[in-house]
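Undergrad: Sequence:
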Amino acid sequence: MDELTSEDVKDASSQVEMVLVPIGSFEQHGRHLPLATDSIIVHEVTRIVAERINLEFPVLIAPLIPLGKSTEHASRAGTISLEGDVLGEVLRSVCRSLVRDGFKKIVFMNGHGGNVSLLTSMLREIREETGAFTASIYLYSEDLLGDSVSRFNEWDMFHACALETSFMMVLRPELVHLEKASRNIPQKFTQQSGYKHLLLSRKRGVEFSWLIDDLSHSGVVGDPTKATPETGRAILESLVERICEVLREVKRV
Numbered sequence: 045m046d047e048l049t050s051e052d053v054k055d056a057s058s059q060v061e062m063v064l065v066p067i068g069s070f071e072q073h074g075r076h077l078p079l080a081t082d083s084i085i086v087h088e089v090t091r092i093v094a095e096r097i098n099l100e101f102p103v104l105i106a107p108l109i110p111l112g113k114s115t116e117h118a119s120r121a122g123t124i125s126l127e128g129d130v131l132g133e134v135l136r137s138v139c140r141s142l143v144r145d146g147f148k149k150i151v152f153m154n155g156h157g158g159n160v161s162l163l164t165s166m167l168r169e170i171r172e173e174t175g176a177f178t179a180s181i182y183l184y185s186e187d188l189l190g191d192s193v194s195r196f197n198e199w200d201m202f203h204a205c206a207l208e209t210s211f212m213m214v215l216r217p218e219l220v221h222l223e224k225a226s227r228n229i230p231q232k233f234t235q236q237s238g239y240k241h242l243l244l245s246r247k248r249g250v251e252f253s254w255l256i257d258d259l260s261h262s263g264v265v266g267d268p269t270k271a272t273p274e275t276g277r278a279i280l281e282s283l284v285e286r287i288c289e290v291l292r293e294v295k296r297v
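Going by my numbering, the first residue of the sequence shown is number 45, and it counts up by one from there.
Hints listed in this document are in silico derivations from the structure and should not be mistaken for laboratory results. Possibly wrong hints are sitting among the right ones.
Lysine-lysine pairs mimicking DSBU-like chemistry, simulated, CA-CA at most 35 Å apart [claimed, not checked]:
| id | residue 1 | residue 2 |
| --- | --- | --- |
| 1 | 54 | 295 |
| 2 | 240 | 149 |
| 3 | 232 | 270 |
| 4 | 270 | 224 |
| 5 | 240 | 224 |
| 6 | 240 | 270 |
| 7 | 295 | 148 |
| 8 | 149 | 295 |
| 9 | 149 | 54 |
With the hints as extra help, turn the sequences into a complete structure.
TA: Structural data, given as structure tokens:
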């Protein structure tokens, strides 16, 4: 939508049901990746997805929401975090505007783990208020990544990790400083350190208030030195196709 005119959007709303809303974050990503890493990745992935799915049916991309809920990284320089109620009102306002223009399906494309719980809680609220069907796609969910990340362990998919670094090496290689990357595996909240329930596992059933300072001096959780552009391209291709599968189902609703 960024390059469309008001008249373009008015005309599009009679032909386009679905709008993709990319949302990222602005937070520290160690010494080797930029603050806008989450936003860059989700914006680029959304663009690629839209190009592919537009061959089947039309979708539009709303402007990127570049700030998210980054409380866990607030102690690190450069991080800009929105409070949950502020971000929630931003999302509601975006949806109200899109529905006012006639769009009936809104899909949030989320590139930051700290936004997941807020988005999940808001989907029904927004539908109840506006009537629009809403969905949220988290790029790093196990359902979407699937077997494409079988080469990685769970620390390779945490923060400023091998996965994010591999994506950035494909999407914006000039912003990656791999010579500054360092490996960091947490010594707290793991089974190896004696914890049974307060675990950082992606499959955890217990949520708790961990902060980046609990896990890392460098701001990295994982081993970004394992990143390669070849890995990034392979996983991105699989991810894009799975997201397209989701959008095909949203179209059916």
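Undergrad: Confirm or reject each hint.
TA: Taking the hints in turn, this is what the structure says about them:
no., hint, in the structure
1, 54 / 295, "holds (20 Å)"
2, 240 / 149, "violated (41 Å)"
3, 232 / 270, "holds (22 Å)"
4, 270 / 224, "holds (13 Å)"
5, 240 / 224, "holds (33 Å)"
6, 240 / 270, "holds (28 Å)"
7, 295 / 148, "holds (10 Å)"
8, 149 / 295, "holds (8 Å)"
9, 149 / 54, "holds (16 Å)"
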